[in-house]
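> In the order they appear, the protein sequences are chains V and C.
Numbering (our numbering) for the first sequence: 1 to 358.
Numbering (our numbering) for the second sequence: 1 to 510.
Quick caveat, the hints were computed from the structure, so don't treat them as lab data.
Possibly wrong hints are sitting among the right ones.
Pairwise CB distance ranges, derived in the manner of DEER restraints [stated by the list, open to error]:
hint, chain 1, residue 1, chain 2, residue 2, range
1, V, E356, C, H44, 21 to 27 Å
2, V, T270, C, R134, 21 to 27 Å
3, C, D167, V, E290, 58 to 64 Å
If you only want the chain V side, here are some residues facing chain C, beta carbon under 10 Å, derived [said to hold, decoys possible]:
hint, residue
4, R37
5, L39
6, P132
7, D135
8, D242
9, A245
10, V266
11, R271
12, E277
13, M284
14, M286
15, D288
16, G289
17, E290
18, P291
19, T349
We put the CB at the ideal spot given by N, CA and C, even for glycine.
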Amino acid sequence: MTTVIRGHDIEALVVGVTLLGSGGGGDSRAFGRILQRRLGSGDLELLDASDVGHGYLTPVGVVGATSVLTEKLPSGSEFAAAVHAVSRWTGHAVSGLMSLEAGGLNGLSALVGAVDLGLPFVDADLMGRALPRLDQFTWAVAGRSLTPCALSEPGGEVIVVDHIDPAGLERAVRSFVVHTGGWAVLALAPTPAAAATADAVNGSLARALALGRAHANLPVTAAPADVAEALGGRLLGGGRVDEVARYGVRPHGPGGAFGRGSVCVVDGSTRAVIRIEAENEYLMAMVDGEPVVTTPDLVCVLDLRTLQPIAVDAIRTGDEVLVLALPGPDWWRHRDRISHVGPRAFGLTCEPLLLEAS
Amino acid sequence: MGLAPTLQAMLTSPGWREVVVLGGGQEPGPSLVGSRILMDVAGHPSPMAGELLVVLLSADHTDWRIDALISRASAAGAAAVLFAGVEPLGRGAQLLADRLQLPVLGSPDPLAAHEYLNRVTTEPDVVRADLVLRAVTELRRADADLASVLRTTSAVLERAVTLAGSDGGTLAGEPLEPSERPALAAALPAVPVAWAAPYRVDLPNGAVLIAVSVLGAGPVCWLVARLPGVVPAEVAAVPAVLTVVAPAVGQRLALRRLELERDARQRTSLLGELLHGEPSEATRRRAVDLGWQLDGWHTGIRIGADGQVDVAGRRTDVVEAFDAEGLQAVVVEQGEGWSAWITAASEPTATQVQQQAAAIRRVQRHLVQTVDTYVGVGRVQPGPSGIAVTLAEAGDAASLARGRPETGRFLHVDRLGLAQLLLAWTRTDTFQPAARALLAPIEGQPGDLVGTLAVYLDTESSLAETAAVLGIHRNTVSARITKIQQLLGVDLANPNERLALHLACRTARD
Numbered sequence: 001m002t003t004v005i006r007g008h009d010i011e012a013l014v015v016g017v018t019l020l021g022s023g024g025g026g027d028s029r030a031f032g033r034i035l036q037r038r039l040g041s042g043d044l045e046l047l048d049a050s051d052v053g054h055g056y057l058t059p060v061g062v063v064g065a066t067s068v069l070t071e072k073l074p075s076g077s078e079f080a081a082a083v084h085a086v087s088r089w090t091g092h093a094v095s096g097l098m099s100l101e102a103g104g105l106n107g108l109s110a111l112v113g114a115v116d117l118g119l120p121f122v123d124a125d126l127m128g129r130a131l132p133r134l135d136q137f138t139w140a141v142a143g144r145s146l147t148p149c150a151l152s153e154p155g156g157e158v159i160v161v162d163h164i165d166p167a168g169l170e171r172a173v174r175s176f177v178v179h180t181g182g183w184a185v186l187a188l189a190p191t192p193a194a195a196a197t198a199d200a201v202n203g204s205l206a207r208a209l210a211l212g213r214a215h216a217n218l219p220v221t222a223a224p225a226d227v228a229e230a231l232g233g234r235l236l237g238g239g240r241v242d243e244v245a246r247y248g249v250r251p252h253g254p255g256g257a258f259g260r261g262s263v264c265v266v267d268g269s270t271r272a273v274i275r276i277e278a279e280n281e282y283l284m285a286m287v288d289g290e291p292v293v294t295t296p297d298l299v300c301v302l303d304l305r306t307l308q309p310i311a312v313d314a315i316r317t318g319d320e321v322l323v324l325a326l327p328g329p330d331w332w333r334h335r336d337r338i339s340h341v342g343p344r345a346f347g348l349t350c351e352p353l354l355l356e357a358s
Numbered sequence: 001m002g003l004a005p006t007l008q009a010m011l012t013s014p015g016w017r018e019v020v021v022l023g024g025g026q027e028p029g030p031s032l033v034g035s036r037i038l039m040d041v042a043g044h045p046s047p048m049a050g051e052l053l054v055v056l057l058s059a060d061h062t063d064w065r066i067d068a069l070i071s072r073a074s075a076a077g078a079a080a081v082l083f084a085g086v087e088p089l090g091r092g093a094q095l096l097a098d099r100l101q102l103p104v105l106g107s108p109d110p111l112a113a114h115e116y117l118n119r120v121t122t123e124p125d126v127v128r129a130d131l132v133l134r135a136v137t138e139l140r141r142a143d144a145d146l147a148s149v150l151r152t153t154s155a156v157l158e159r160a161v162t163l164a165g166s167d168g169g170t171l172a173g174e175p176l177e178p179s180e181r182p183a184l185a186a187a188l189p190a191v192p193v194a195w196a197a198p199y200r201v202d203l204p205n206g207a208v209l210i211a212v213s214v215l216g217a218g219p220v221c222w223l224v225a226r227l228p229g230v231v232p233a234e235v236a237a238v239p240a241v242l243t244v245v246a247p248a249v250g251q252r253l254a255l256r257r258l259e260l261e262r263d264a265r266q267r268t269s270l271l272g273e274l275l276h277g278e279p280s281e282a283t284r285r286r287a288v289d290l291g292w293q294l295d296g297w298h299t300g301i302r303i304g305a306d307g308q309v310d311v312a313g314r315r316t317d318v319v320e321a322f323d324a325e326g327l328q329a330v331v332v333e334q335g336e337g338w339s340a341w342i343t344a345a346s347e348p349t350a351t352q353v354q355q356q357a358a359a360i361r362r363v364q365r366h367l368v369q370t371v372d373t374y375v376g377v378g379r380v381q382p383g384p385s386g387i388a389v390t391l392a393e394a395g396d397a398a399s400l401a402r403g404r405p406e407t408g409r410f411l412h413v414d415r416l417g418l419a420q421l422l423l424a425w426t427r428t429d430t431f432q433p434a435a436r437a438l439l440a441p442i443e444g445q446p447g448d449l450v451g452t453l454a455v456y457l458d459t460e461s462s463l464a465e466t467a468a469v470l471g472i473h474r475n476t477v478s479a480r481i482t483k484i485q486q487l488l489g490v491d492l493a494n495p496n497e498r499l500a501l502h503l504a505c506r507t508a509r510d
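Here chain V stands alone, though its shape is the one from the complex (with noise of 0.2 Å):
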């Protein structure tokens, strides 16, 4: 079944990419408006990997600070570019794009790469929602390479990477964006479709429209607990922010590279004491000091009012909010592959504590 996304989508797709984002991935709405003018009255298919047969599929999405991208705007040439590059590189013509990321404003970006390409656009992508490290694509997880690809920044500049490991790739990666504009596009190489989108999670974006729509549909009045129902997730609790802790960058082992955080919220009727432990992206919940959700499933903190997502950087002491969970992506509830995505690979010394597969 393919989906088709249209103008009037956009604003649905932009909540749930929101959500996948599990309160990190970026601010998705500047590329929302980008999809919007892009589009105009036309649409965009969602297709397969069946459907583009044996065609090449390159994975693209944005790299890098992304809070940046508020700032420095896309010249509107960087998907281009990173994907001529990688095509040159390795030889194989790109017959279609997929998705880096689900979560975030990488839900939307390659989006706006396929339509500025004049590609077709796979719903498949390497994570499923936001996480916030290169070795955490599905493809590496799976063992795949993710060499040769290409970057190219808003500036003009481009490099192509090959024969190098995720940790190195991420190095390679950081020190391009912080030398160059802040963030940039990122390629992989070409892939015959059936294998690329094997190692990868699909229809996170379908998904992610469905989750819009259902939160579009929900009825200003809606209970607590009827948003977490309709959004398929579990209700953690309501009130208000009792404190943001910032903790900065920890020396926890492989979290260590992102400043961690405390979300505290007392519940409005029950004054259960809910604690989200969070990075980039919220990674953990814990209700009266007993942890309940972690990664990879989502964390989701909606302003209580309009039920808006309310991001990382975003929440403030004071916000009265809903916490939901919502179910991760299933490819990652894999015993081999959680790992490389659960509280541990967050620095956090708690297994993984998953929401019943929906």
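Given the coordinates of chain V, assemble chain C onto it according to the supplied hints.
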């Protein structure tokens, strides 16, 4: 359960000085029946009813695992949790501790806190033996003075230790809270027996006073330790320590007494020599050693004491009373009271003598609080032999003053000199009927007019002083004097009439 202290009491105990409450605080908190160790915050405590859970590796108090552990400890039945470090808890942990009503503590040395709690809850005998042994060892090193013994005891117990009188008044050491004195005084017997068990006084505010009697020379006093909370092992150990310390305190008191008596005897014998003729070279030297100035102008003062008075022990009070008035007096214990004299380098003027007499009078009033005295003051006499003369006058004046409450039991020989001669004459049979006739109009009038007149004339016609001596208002004195003048038809400003009346008053009252 008998040995389980409350959390509040533990927080005031010496071994837990560094422990602070980080969250979930409550009064008086749960009873702590023991202490259990958990290596780090990731650990899972086994079920534990009413014990303290001590987590050794838990320095980061904002870690989510602190929250998780608080939750697990509460589920396991812990009475409280103690983490390493005293940094404040994260907000979530604080809210959680309040919600679960689980006190969360912090200490820079969690292991020490654990061991101390375990000792007081499971090995009270060890606590007691340890404290007693330490007290014995430390006392051997204490200095000879009483303050040092109390300080050492206080340091061993890490509690305030006081030497108190039977009324709870502080004799040495840290003063007792005034509000806690009555409860202590009520619990202590007036006459303790040597073998009496230590007294325990539970105060309404939760504190406990432990009192052990000190029997030595002089009146009984009490060695009192104040424990701000009931840690049963400590409450059991402190009486044992105080019982060991009490004889040491008694010995210090006896030594001090001995010193006092020796000094007193030395002073008394030296004074005895001074009173018997011109002092020898040796006597002069000993006087200089004691800081006595033999040359100059001396004013002798005799302070007699009524009743059983510890003359040597109370000497300090007398010296302090003189000091308070700025009088540099030499005070010597003699018989039932003290002989004292004040030495001036040059002959004092009449005004100075008056001022000095007034100051001595104030000294006497000051002493009334502790001793009932009668005071005589001699005239100013020069030289070493002058001491004997002025003291003899003071002695005479004192014996006169003793029977004369209307002068406030105070007489100054300067005022007495002539009067004494006249006094001898007034005792004759010829004068007495005349005197009675003179005073007949005011005899039997309301308001003791004869007495008032006598005091008024004794005090040199001072309304204020008459009022002070009789303990009545100045205006009352004034009204009585006016009435006396009207009834007698005399003018008290007339010296002749006044003298006659003064003598008549003496006769009438003697």
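> Now, for every hint given, state plainly whether the structure supports it.
Hint by hint, here is what the structure shows:
1. Against the hinted window of 21 to 27 Å, the Cβ-Cβ separation of E356(V) and H44(C) comes to about 24 Å, which satisfies the hint.
2. One distance hint, 21 to 27 Å for the beta-carbon pair T270(V) and R134(C), is violated here, with the actual separation near 52 Å.
3. The hinted window of 58 to 64 Å between D167(C) and E290(V) holds, with their beta carbons roughly 59 Å apart.
4. Annotation: R37(V) was flagged as interfacial toward chain C, and the flag is violated, the nearest CB pair being 43 Å apart, outside 10 Å.
5. Interface restraint check for L39(V): the shortest CB-CB distance to chain C comes to about 43 Å, outside 10 Å, so the restraint is violated.
6. Look at P132(V): its Cβ only gets to about 18 Å from chain C, farther than 10 Å, so that hint breaks.
7. This hint is violated: D135(V) has a C-beta 24 Å from the nearest C-beta of chain C, more than the 10 Å allowed.
8. Satisfaction of the interface hint for D242(V) is found here, the shortest Cβ-Cβ separation to chain C being roughly 6 Å, below the 10 Å cut-off.
9. Taking 10 Å as the C-beta cut-off, the interface hint given for A245(V) holds, the closest approach to chain C being about 6 Å.
10. The beta carbon of V266(V) comes within 6 Å of a beta carbon in chain C, closer than 10 Å, and the hint placing it at the interface holds.
11. For R271(V), the interface hint holds, since its Cβ comes within 10 Å of a Cβ in chain C; the closest pair sits about 6 Å apart.
12. With 10 Å as the threshold, the beta carbon of E277(V) comes within range of chain C, its nearest partner Cβ sitting at about 5 Å, so the hint holds.
13. Because the beta carbon of M284(V) sits about 7 Å from the nearest beta carbon in chain C, less than 10 Å, this interface hint is met.
14. Annotation: M286(V) was flagged as interfacial toward chain C, and the flag holds, the nearest CB pair being 6 Å apart, inside 10 Å.
15. Taken as an interface hint, D288(V) checks out: its beta carbon lies about 6 Å from the nearest beta carbon of chain C, inside 10 Å.
16. Proximity of G289(V) to chain C holds as hinted, the smallest CB-CB distance being about 3 Å (cut-off 10 Å).
17. Among the interface hints, the one on E290(V) holds; its C-beta lies about 5 Å from the nearest C-beta in chain C, closer than the 10 Å criterion.
18. Residue-level restraint check for P291(V) holds (minimum Cβ-Cβ distance to chain C is 6 Å; threshold 10 Å).
19. For the restraint placing T349(V) at the interface with chain C, the shortest Cβ-Cβ distance is roughly 6 Å, inside the 10 Å limit, so the hint holds.
Of the hints listed earlier, those the structure fails to meet are numbers 2, 4, 5, 6 and 7, in rising order.
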